[in-house]
Structures are given as structure tokens and as C-alpha cells.
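Residue numbers (the numbering used here), protein chains in the order written: chain A, 1 to 71; chain B, 1001 to 1259; chain C, 2001 to 2187.
Among these hints, one or two may not hold up.
List of simulated lysine to aspartate or glutamate pairs, DMTMM-like, C-alpha gap at most 25 angstroms [as the list claims (entries may be wrong)]:
no., chain 1, residue 1, chain 2, residue 2
1, C, LYS2064, C, GLU2078
2, B, LYS1088, C, GLU2049
3, B, LYS1056, C, GLU2049
4, B, LYS1146, B, ASP1210
5, B, LYS1146, B, GLU1257
6, C, LYS2042, C, ASP2057
7, A, LYS67, B, GLU1257
8, B, LYS1061, C, GLU2049
9, B, LYS1056, C, GLU2060
10, C, LYS2042, B, GLU1257
11, C, LYS2042, B, GLU1085
Chain A regions said to be covered by chain B (calculated; three or more residues, Cβ under 8 angstroms) [unchecked claim]:
no., region
12, 16 to 25
13, 45 to 53
These are computed hints drawn from the structure, not numbers from a lab. Note that CB positions come from ideal geometry on N, CA and C, so glycine has one too.
Residue-level listing of the chains:
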Amino acid sequence: MTDDQSPRRDSARGADQAYTALGYLISGMLIWGFVGWLVDRWLDLGGIATAIGVVMGVALGVYLVVKRLGA
Amino acid sequence: MVRGLAAEVPWPPSVDDFFLPPIAGPDNWFTKFTLFVWVAVAITIIFFLVAYRNPKLVPTKSQWIAESAYGFVRDGIAKDIIGAEGIKFAPYLASLFLFIAFNNLWGIIPGVQLSPNTHIAFPAFLAIISYVLFIWVGVKRFGFAKYIKNQLIPPGAPAWLLPLVIPLEFASTFLFRPLTLALRLFANMFAGHVILLVFTLGGFVLLGSDNFALAGISIVSWAIAIVMTIFELLVALLQAYVFVLLTSVYVQTSIAEEH
Amino acid sequence: MPNNLAAVVLAAEGEHNPVVPIWQEIVIGLIAFGVLCFILMKFVFPRMEQTFQARVDAIEGGIKRAEAAQAEAGQLLEQYKQQLAEARTEAARIRDEARADAAGIREEAATRAREESDRIITAGREALAGERASIVRELRSELGALSVELASRIVGEALADEARRRGTVERFLDELGDAPTATGSKR
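The task is simple: from the sequences and hints, build the whole structure.
Quick look at the structure:
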């Protein structure tokens, strides 16, 4: 019970990183998609701003995943 | 007879199936849900107290089971995710794991098959406790300003990117974390119950139908219900694991030094 | 107003929105979870940690005990070796001493024997010399007495046979005269 090298380590590490990565991607999509949707409503752009927001959100999410989880 | 039974079956399953009338007393203080919670807590406490009333270096069977449950959370989650520091969170995380797991297991107990966690109230307050825990731990470690900075500003991000990144970090850490924590557990339990209802009640509906072939299919429907019950057992334990795992991850990111 | 409220509550209950928590359940859940946490974290998990620690101690203690026993054995061995070495040097020393003693004793005995023999020889010589001196002294005094006796006898008796007497005296004197000179010259 005292050893620090548990064979489960990798799987648990993998799971937590997967959840963090997924969280960033979905958060990015939702947040900037929502901002884009608000802009759509405001300027009546017909969905273009929402699409841009979602893409930008995903891009930022990928950036954060690399930044936070990358070596 | 059969047709009469089928006519009584509420079909299709609706949200109202999740809201049972109180057993006794006013409002919702004493319902099947609160009763299940109390029973789950009582079973957990009694099992652990009995299994550990006289611990030995070479464990007995029940002592070994109790130790394995704690050791699984302690070494497999707390120590793995948080590190050596995680051991001091292990007792809480283990209690959390047992509470969720035992309550989830009501979802597959024959005759009950309804987990208290299908009511958002229970996952919600557990998520709020985890939310408060990981923020409190981070603030205690770094102080409020430094903690917020650690969480919101990724190290080495260019300044022009910060206005875009900070809202995203804020939302993912302080809004979506508790929401997803609560909703994931709730939705899994809710969906599990709906699936079991669909196949169990669906079997009755099929049995009551005029078409003979359809009535025969009711057997298949029930068989699927049994398989899904086994699947729900996995889901029940997996969701308890995921809830505790994510709580540890949040605690770990709160106290992690920026490098 | 109360009627209105009741109607709203009834309507809400009729709808049963699954995403709106029932606040009583939150309270009950918190209490139940709190009780569970309290009992497990106070009475069960700390004792588990103690048991884990005791197990670690038992293992490490076993290793430590073995190490201690080994160290003690090593120390004993060292001690025995040291004692053996001491005994060896002691024995060698005793042997050397004995050898030296024996040589000393022999030497002493030889010296003493030599001294003794010398002393005996010296004593013998002295005794011989003394005896000789006393004999000479005695002979001298006796010679005198004899001379006196002889003279008186010569004087007292008649000169019956003068010639014979003369011959006798001369022979006597010759004998006397020869003896002291012979011994005296010998020394």
C-alpha cells in the first residue's frame, strides 16, 4: 500500500486527461458558439456568426488542451 | 386478465414515473427516494463498522472487502490523480464513492429499480460539495487572486489571446464543471431507469397486444431488460468512479503548481 | 393569494420537471451524506490507515529485526576474532617469556655452578695451603723438640759407641736437613 508505482496509474491519468480535453472542446464550442449566436440575434446575420463562434471555440479549446495537457 | 394488466401499465414511460407520492408526512420529506438514501447509508455504515470493528494485520474476508473499497479510491484515484497529497482527501473521496455507488445500485435492485440519483437533487448537492471543495482547496493553497489567475490564464499564452481564452477557461472551470458533474450522473441514472422501464413495461404491452407474434416478442423484451440490468450495474459503478475521479482531477488542477 | 400559491405548487407538481431539484431531497441527501461521511471518516478510514501503517511497520520491522540480528552476529564474529587474536599474541608472548626464562635459568645455573666450582677450588687450595703451613709449623716445632730430645739423649747417654753414635746423628741430621729443603724448593 505504500508503493507509489501503481499499475493503474496510466489508465487513471488517461481518463482524467480525456475528460479535461473533452471539457475544453465542448466548453469552447458552447461559450463562443453562444456569443456568436448572440451576435447573430443582434445583427441578424442568419447563423454565420454562430458558426464562426463554434469554430473559434473549438480552435481555442484545442489550443488550451495542448497548453494545459501538452508536455 | 393479461389484457387487464397491460391496460394498467403506464405506457409510454413518462417523467412522472420518476415522481412517486410521499410514503408518509407532508411534502417530500419521506418518500421512497429519501428512504432509499437512508437505507443505502445505513447499509454502508453498518457494513463498514462491522467489517472493521476488529481489524487485523491479516484481514478477514469482510475486512478485506472493506479495505479494498477504500484502497481502490485511496490508491487508484486519490493517490494516482492528486499524488502523495491526495491521501488526505482519500477518506472524503471514498465516502463519496460509496454514497454514489450504493445509491446507484438501487437502480438495479429487483423490485426497486429506481436510483435516488435519478432525481437531480442528489447529484446536484454532491456536485456543489465537490465544487466548493476544489475552489476552497485552491484558494487555501495559493490565496484567492493567485488561484484565480492560475485557473484562468494558461501559462505562456500571448496577451492578445487572453480575452478569448479567459472566458473559455472561466466557463469550463467554474460553470461547466459542477453542471457536467451533476448532469452526467443524473442523466446516466435517469436514462438507465428509462431503458429498464421501456423493456420491462414494453414486454407487458407486447404481451397484452392482440397479435400473437408480438406477444411472443415480449420474452425478448424482458431478456433485453435483464441484459440491460447487468449493463446498468456497470454504469452504476462506473458513474460513481467517474464522479470521484473528476472530483480528484478538479482538486488536483486546483493545487497544481504552474510550471 | 394562498389559493393562488397552492395552485402554482400543484401545477408544478403536475409537471414534474426532472431538472428542477426537490429542495427537501437536497436537505435529506445532505444530512444522510453528512452522517455517512462523519462515521466513515471518523471511525473507519483512520483505522484503515492505521492498519496499512501497521502492515508497513510489520514488514519494515521484520527487515529491521533481521538487519539487527545480522549486525549482532557480525559484531560477535568480530569480537571472537579479536579475542582469538589476543589469545594468540598472549600465547606467543608467554612462549617467548618461557623461552627467555629458560635461557636465564640455564645461564644462572651455569654461572652458579661455575662460581661454586671456583669457590670449591679456591677453598681446596686455601685448605691445602693452610694444612701445608700448619704441617710445616708442626714439623718445625717437632724438629725442635726432637732436636732437644736427641741432644739430651746424646748428652745423657754415654758415649759408648762414639763412632756409631756419631754416625747415627749425622745420618739423622742429613735426613732432617734434606726434608725441609726438598719441600721448600718444590714450592
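Structure-based check of all given hints:
A hinted pair counts as satisfied when its Cα atoms are at most 25 angstroms apart, and C/LYS2064 with C/GLU2078 qualifies at roughly 21 angstroms. Only pairs whose Cα atoms come within 25 angstroms are accepted, and B/LYS1088 paired with C/GLU2049 is accepted, the gap being roughly 10 angstroms. The hinted pair formed by B/LYS1056 and C/GLU2049 meets the criterion: a straight-line CA distance of about 12 angstroms does not exceed 25 angstroms. Restraint check: the Cα-Cα separation between B/LYS1146 and B/ASP1210 comes to about 70 angstroms, which exceeds 25 angstroms; the hinted pair is violated.
Pair hint B/LYS1146 plus B/GLU1257 holds up; C-alpha atoms about 11 angstroms apart against a cutoff of 25 angstroms. Of the supplied pair hints, the one linking C/LYS2042 and C/ASP2057 holds, its CA atoms being roughly 23 angstroms apart against a limit of 25 angstroms. A distance of roughly 15 angstroms separates the Cα atoms of A/LYS67 and B/GLU1257; the hinted pair therefore holds under the 25 angstroms criterion. A hinted pair counts as satisfied when its Cα atoms are at most 25 angstroms apart, and B/LYS1061 with C/GLU2049 qualifies at roughly 18 angstroms.
Of the pairs offered as hints, the one joining B/LYS1056 and C/GLU2060 holds, with about 17 angstroms between alpha carbons and a cut-off of 25 angstroms not exceeded. Between C/LYS2042 and B/GLU1257, the direct Cα distance comes to roughly 30 angstroms. Violation of the 25 angstroms bound is thereby established for this hinted pair. Distance hint between C/LYS2042 and B/GLU1085 is fulfilled; the C-alpha atoms sit about 19 angstroms from each other, no more than 25 angstroms. Coverage of the region 16 to 25 of chain A by chain B holds in this model, with 5 residues showing a Cβ closer than 8 angstroms to a Cβ of that chain against a need of three.
Counting residues of the region 45 to 53 of chain A whose CB lies closer than 8 angstroms to any CB of chain B gives 0, so the stated coverage by that chain is violated, three being the minimum.
When each numbered hint is compared with the structure, violations occur for hints 4, 10, 13.
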